[in-house]
Amino acid sequence: MLLIMPALVLTIVFKVYPLIQGFITSLHRKGEWLGLANYERMLSDDIWIQSVGNSLKGFLLLPLFVLLPLLVAFALFRAIRGWRTYRAIYLLSYLLPAAMAGLIFSLMLGYEGPINSTLRAIGLGDLAVAWFSDATTAMWAVYGLVFWAWFGLGSIIYLAALATIPEDQFEAARLDGANGLQLFRYIAIPGVGPTIGYWGVVTTAGMFLWLFPFIATSTRGGPGYASTTPEVRIYTTFTKGLNQEYASALGLTLFAIVLVVAIFQVRWMYSHANQS
Amino acid sequence: MTWSTSIAETAAPPTRRKPRRLPSAGNVIAILILVVLSVVVILPVAYTIITALGRPSGASYGPEGEDLFWAIRAAWDHGLMPGSLINSVVTSMGAVVVLWIVCSLAAYAFTIMRFRGREFLFLLVLATLLIPVQVIMYPLFIQFRSFGLVDTHIGLILGFVVFGIPLTTFQFAAYFKTLPLETIDAAKVDGASTLQTLFRVVLPMSKPILAVTGIINFVWTYNDVLLPFLIIQTSENKPLVAQLAIITQSQFFSSSLPVLAAAALLGFAPTVAVYLVGQRQIVRGITAGAVK
Numbered sequence: 003m004l005l006i007m008p009a010l011v012l013t014i015v016f017k018v019y020p021l022i023q024g025f026i027t028s029l030h031r032k033g034e035w036l037g038l039a040n041y042e043r044m045l046s047d048d049i050w051i052q053s054v055g056n057s058l059k060g061f062l063l064l065p066l067f068v069l070l071p072l073l074v075a076f077a078l079f080r081a082i083r084g085w086r087t088y089r090a091i092y093l094l095s096y097l098l099p100a101a102m103a104g105l106i107f108s109l110m111l112g113y114e115g116p117i118n119s120t121l122r123a124i125g126l127g128d129l130a131v132a133w134f135s136d137a138t139t140a141m142w143a144v145y146g147l148v149f150w151a152w153f154g155l156g157s158i159i160y161l162a163a164l165a166t167i168p169e170d171q172f173e174a175a176r177l178d179g180a181n182g183l184q185l186f187r188y189i190a191i192p193g194v195g196p197t198i199g200y201w202g203v204v205t206t207a208g209m210f211l212w213l214f215p216f217i218a219t220s221t222r223g224g225p226g227y228a229s230t231t232p233e234v235r236i237y238t239t240f241t242k243g244l245n246q247e248y249a250s251a252l253g254l255t256l257f258a259i260v261l262v263v264a265i266f267q268v269r270w271m272y273s274h275a276n277q278s
Numbered sequence: 002m003t004w005s006t007s008i009a010e011t012a013a014p015p016t017r018r019k020p021r022r023l024p025s026a027g028n029v030i031a032i033l034i035l036v037v038l039s040v041v042v043i044l045p046v047a048y049t050i051i052t053a054l055g056r057p058s059g060a061s062y063g064p065e066g067e068d069l070f071w072a073i074r075a076a077w078d079h080g081l082m083p084g085s086l087i088n089s090v091v092t093s094m095g096a097v098v099v100l101w102i103v104c105s106l107a108a109y110a111f112t113i114m115r116f117r118g119r120e121f122l123f124l125l126v127l128a129t130l131l132i133p134v135q136v137i138m139y140p141l142f143i144q145f146r147s148f149g150l151v152d153t154h155i156g157l158i159l160g161f162v163v164f165g166i167p168l169t170t171f172q173f174a175a176y177f178k179t180l181p182l183e184t185i186d187a188a189k190v191d192g193a194s195t196l197q198t199l200f201r202v203v204l205p206m207s208k209p210i211l212a213v214t215g216i217i218n219f220v221w222t223y224n225d226v227l228l229p230f231l232i233i234q235t236s237e238n239k240p241l242v243a244q245l246a247i248i249t250q251s252q253f254f255s256s257s258l259p260v261l262a263a264a265a266l267l268g269f270a271p272t273v274a275v276y277l278v279g280q281r282q283i284v285r286g287i288t289a290g291a292v293k
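Chain order of the listed sequences is W and E. One point on numbering: in the numbering used here, the residue at position 226 of the first sequence is 228, and numbering is uninterrupted. One point on numbering: in the numbering used here, the residue at position 225 of the second sequence is 226, and numbering is uninterrupted.
Isolated chain E (complex conformation) (with noise of 0.2 Å):
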């Protein structure tokens, strides 16, 4: 079965017309299952919005008066907002738009031309993700010292992007493949250049996969902390997670339950508005190369 029908599969539901009947106890049970972990998994989150609205209990630091978002201001002052999520913005685009360039240039080469060491180059490129950050840290960071790249946005791009290369490459690899060939040959045939055929004929026919892996590459590297916490040093170049991930240390945030709690918020809000414009790239974007 190849990708773009497994896509396909995902995005709609599963096609069963079943007559309506009543529920057996195994129905039952499942819907119980479901229901319980569903709780289990807004729980968290519920409590997060309701404590980081609630009163300071025997904290240090409260409000006057009858104030409803007094520890969200707290945590967005102490978080450096708004420039924290400026940050995450900037580099996790970054990311996401070099990542798109660098790995459909390489995906097509791979899967559409023809060159001695192909099928090696690929393998070695998939292969480096079996080098994950944790393993070269201090090598990393020496490297990154000698290009003077340490706490500047372009050098957390990079290191985003060298460790999305793999995964990414794969991803429009895998769907370049099943894009018909005739199309791009019938473009070379009219005399259009390897890049001409490229922009104008292959990308326009993979906006699913741009849509995937720039969802895909947005939410990691705006999750990630270990990238962040190696790269940039000072807190004014801090993306949000990174941020509120080392102040939520501090005396003033561990006194305070609403204030923790406005944090994680904070750090929440910008994955969920992600989630609320794609969810279905989102969904693509996880299950594509999980499903064979």
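Next up, chain W with everything else stripped away, as it sits in the complex (with noise of 0.2 Å):
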């Protein structure tokens, strides 16, 4: 019982206490109780709705975000010799830091930079565009930034599930004249099915919550608010020392987004570690 206690601390210090305090200062302005009026506020806030519809827009790609990888991971599981080169190479984009790589993006997306470089030379000029800073393509522009640092973590963590389906059902599926995309479809997908789940989830709460420090060095928010998020406009209200009252008050409407998606990766856990 006592080997708990450093971690129980902790976590009720710097969490369940802040989350608590949050909750009540969401209720206030200046000391002053507003009861809700924080939460109607968000009602009526044209940036705060934008930020969300950036989100959603995260949202349309998801299904890329989850299959994709695993499309690649089946490519590689099937085809290749060297596919422990592949996943060196794939495991690259998880290990550059977030906001490293918005660096680098912003350098090869740039006007005058290699991709629109290359556009223009096959001829393409006109899709060259600034493309984190042009209002319609910033977020797409994130999310395309977002899907190469993710889609390589994706790749591997598939690549280790299918590993443990068993070699004969593929074989047997094989003999019985399946070609490649029907292995995929009735042998690989079935297969993984848990982990095509956990990174369901793992994807759809980073949709909400990981894309900070990518934001941070490339589009910033911008041009405008047209790639701002909410965890994005909740710490630029926070850092202008704007109105922290209504900041907590956001924050808590993200954590409400956020617990549908996450229960259910914290009841898999829980189950997980309580097997076996």
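Please note: incorrect hints may appear among the correct ones.
As the list claims (entries may be wrong) - Chain E stretches covered by chain W per the calculated footprint, using a threshold of three residues with CB under 8 Å from any CB of chain W:
| hint | region |
| --- | --- |
| 1 | 34-43 |
| 2 | 69-76 |
| 3 | 107-113 |
| 4 | 218-232 |
| 5 | 270-277 |
Just so you know, the hints here were simulated from the structure itself, not pulled from any lab data. Quick caveat, the model's predicted, so the values are computed rather than measured. A virtual CB, placed ideally from N, CA and C, is assigned to each residue, including glycine.
Hints are included, so try docking the two chains, each in its own frame, into the full complex.
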């Protein structure tokens, strides 16, 4: 019982207490009781609404984020002798600090950067825009960067999952004349089902919580608020020392959204640690 | 399937002995996809290296003569190296060690010992995974300030530890579940105290999970910028990645592509070093828990 005290005390002092404190703060303004006014204010806060909308754009891309790494892992797993080499390459994008990835992509996607030079060279100069500073492309460019950063990690996780499928399942299906696509559809996908769920939950939560470092060094939320996500909005509200009570209300709203996703993750972890 | 067997399978290549035969059309397509994607992964990194070693093009700052490393030196100086790197190593290693201690103790209690409220408290610790930094940014900052922890390395380490506890405790717990209970019971029968059992019997059997949690926690704490932004205020105390993320927004950097690229390279290099040392542990770490 004593052994859990360090973990428990730290958790309560620096997580549970601030969460409760944040909730109380969010009901006030300059020490005065406001009730839910800070929450109502959100409904007419265009910047906040835009930031939530920007997150929803990411949700449209989630199927790609979840399934494309599986396809890559499958290709890696089926076809290649040197799959370890490829795995090593994909690890690179996981290890590159997100803030540094943002920096690198802001160089590559600059108006005079190599991507645009390539586009111009192959006669697609019309498509060459300043990706991170154009309001229509900024958010999508950020998601492109995030996809680049995450798909290696996803592939590696799926690769480990594929390796647990008994080889004779593939062999039997192949003898029945299944082609690669059928093997993928009828053996690989069911075989790694739980991992698809895991990676789905992780990327969904990540859409809300892990974009900050990418954005901090690429678009910084701009132009205007075109690539501001809720977490970025909370951070800037906090650092500009604007309205801490309102920032707390924003934080708790994000908490409510993330809760829905992350509860699945915790439930899974708990049952996983308690079985076997 | 237990966690330890899935580790074994992760570490070992899939046991498939295919007879040599001509590659099918599917295989060719698969190889093509992989080659293209590998290029996509490598290209930004290669571009960064080349740019960092390049000549300044119309930049306000440039070297005299042929000096390949001028940009890297400039980024080094302005990134307050090696101080920033030392800050990173101190805070990340500190977090790794404290997390080892705090989480192995907790996981030991949660999995091996019996006490009232065990299930509930375990669930509580795991459930705080649901509380990310962004949600409690302001009250957390107030809390750090009232403990006098703002702008200190101890404060940053503590911040990393608090947010690392749920996952690391989970990883230790899942591993401890796979240990042979008889050995642990035998130690108890021999009169070893709980702590003696943990340090002399359980932890020596836990080298794989120590390696996994160590590397995973090192990588994420080294890469993190949000907690450093929040807790560390002076540039002398900032860890490297947060330092670079901030200074690259200055005029000096944004006016020179090679220096920007050099800065990115500088932030990337330490993780590559860790990667070269512990590639297998990293793969184990990130796949542990994801594979049933």
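Check your understanding: Quick check: the region 69-76 of chain E, covered by chain W? Criterion 3+ residues, Cβ under 8 Å.
Key -> Coverage by chain W is violated here, the residue count being 0 at a Cβ distance below 8 Å.
Exercise for review: State whether the coverage of the region 218-232 of chain E by chain W holds or is violated, taking the criterion as 3 or more residues with Cβ-Cβ distances under 8 Å.
Suggested key: Contact hint for the region 218-232 of chain E vs chain W: holds, 7 residues under 8 Å.
Review point. Does the region 107-113 of chain E contain three or more residues whose Cβ lies closer than 8 Å to a Cβ of chain W?
Key: Our answer is that it holds, as 5 residues pass the Cβ test (under 8 Å) against chain W, meeting three.
Review point. Quick check: the region 270-277 of chain E, covered by chain W? Criterion 3+ residues, Cβ under 8 Å.
Key: holds (count 4)
Check your understanding: Can the region 34-43 of chain E be counted as covered by chain W under the rule of three residues or more with Cβ-Cβ separation shorter than 8 Å?
Key -> holds (count 7)
Comparing the model with each numbered hint stated earlier shows that hint 2 is the single one that does not hold.
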